[in-house]
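Listed below, chain by chain, are the residues.
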Amino acid sequence: SQTIHQWPATLVQPVGSPLSLECTVEGTSNPNLYWYRQAAGRGLQLLFYSVGIGQISSEVPQNLSASRPQDRQFILSSKKLLLSDSGFYLCAWSWSSGTDTQYFGPGTRLTVL
Amino acid sequence: AQSVTQLDSHVSVSEGTPVLLRCNYSSSYSPSLFWYVQHPNKGLQLLLKYTSAATLVKGINGFEAEFKKSETSFHLTKPSAHMSDAAEYFCVVSEVRRRALTFGSGTRLQVQP
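Going down the list, the protein sequences come from chains A and B. Position 10 (the first sequence) corresponds to 10 in the numbering used here; numbering is contiguous. Position 70 (the second sequence) corresponds to 70 in the numbering used here; numbering is contiguous.
Hint data in this document are derived by calculation from the structure and do not stem from the laboratory. A portion of the hints provided could be inaccurate.
With a cut-off of at most 25 Å between alpha-carbon atoms, the simulated SDA-like pairs for lysine to any residue come out as follows [said to hold, decoys possible]:
hint	chain 1	residue 1	chain 2	residue 2
1	B	42	A	3
2	B	49	A	27
3	B	42	B	112
Could you put the whole structure together from the sequences, leaning on the hints where they help?
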């Protein structure tokens with residue numbers, strides 16, 4: 001079976017500090033990977049998706065970037081955090097072909113002070 | 001373009017009574033439709049998925065949803081609410097030509113004892 005991990009679970013960072021959130025998937029090869037942000041009281045916004053190593057598509061221009069250094073690893077980064085970057089960050093995966101169902105990780109709660 | 005409208009931001013029911021969470025969608029193509037559930041500070045869990053095989057879709061935990069093309073609706077129901085059903089529910093649409101899922105704004109379900 002497939003498992004998706006995210007860490008850290010919670011993070012409190014000062015404005016202007018860097019960010020690195022990690023997501024890994026087990027039990028599958030060449031998955032599609034996604035980063036979403038959920039702001040308080042709002043729905044999910046797709047930030048980035050990746051169909052393979054080094055292949056990143058950005059959905060929304062912002063202060064964040066994503067990388068995929070390995071097949072099942074997806075990293076969300078920032079050089080300088082803004083207050084508006086606070087939120088709940090969710091990683092998801094889907095099979096590379098066929099079904100479009102996405103499976104979500106447990107999420108990371110980021111608070112920027 | 002695709003979109004999802006969840007008609008109620010909050011729904012409150014008594015334990016043991018039926019649940020109805022309403023969702024209307026808009027899509028240029030034959031969509032896939034999903035319902036996800038999110039418990040506080042947790043990731044999203046897939047409840048059920050519609051992919052045109054059958055208009056009545058049964059999911060986990062006793063939930064089901066009916067696809068009505070003429071009404072562009074995909075309402076989620078459960079015959080008898082349980083306290084553990086209290087959570088946020090998201091209606092989601094996906095189109096074959098797009099990798100992104102489009103999320104509704106969510107419906108918070110409260111279950112009163």
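Hints versus structure:
With a C-alpha separation of about 15 Å, the suggested pair residue 42 of chain B and residue 3 of chain A falls inside the 25 Å cut-off, and the hint holds. Restraint check: the Cα-Cα separation between residue 49 of chain B and residue 27 of chain A comes to about 22 Å, which is no more than 25 Å; the hinted pair holds. Restraint check: the Cα-Cα separation between residue 42 of chain B and residue 112 of chain B comes to about 21 Å, which is no more than 25 Å; the hinted pair holds.
The earlier numbered hints are all upheld by this structure, with none contradicted.
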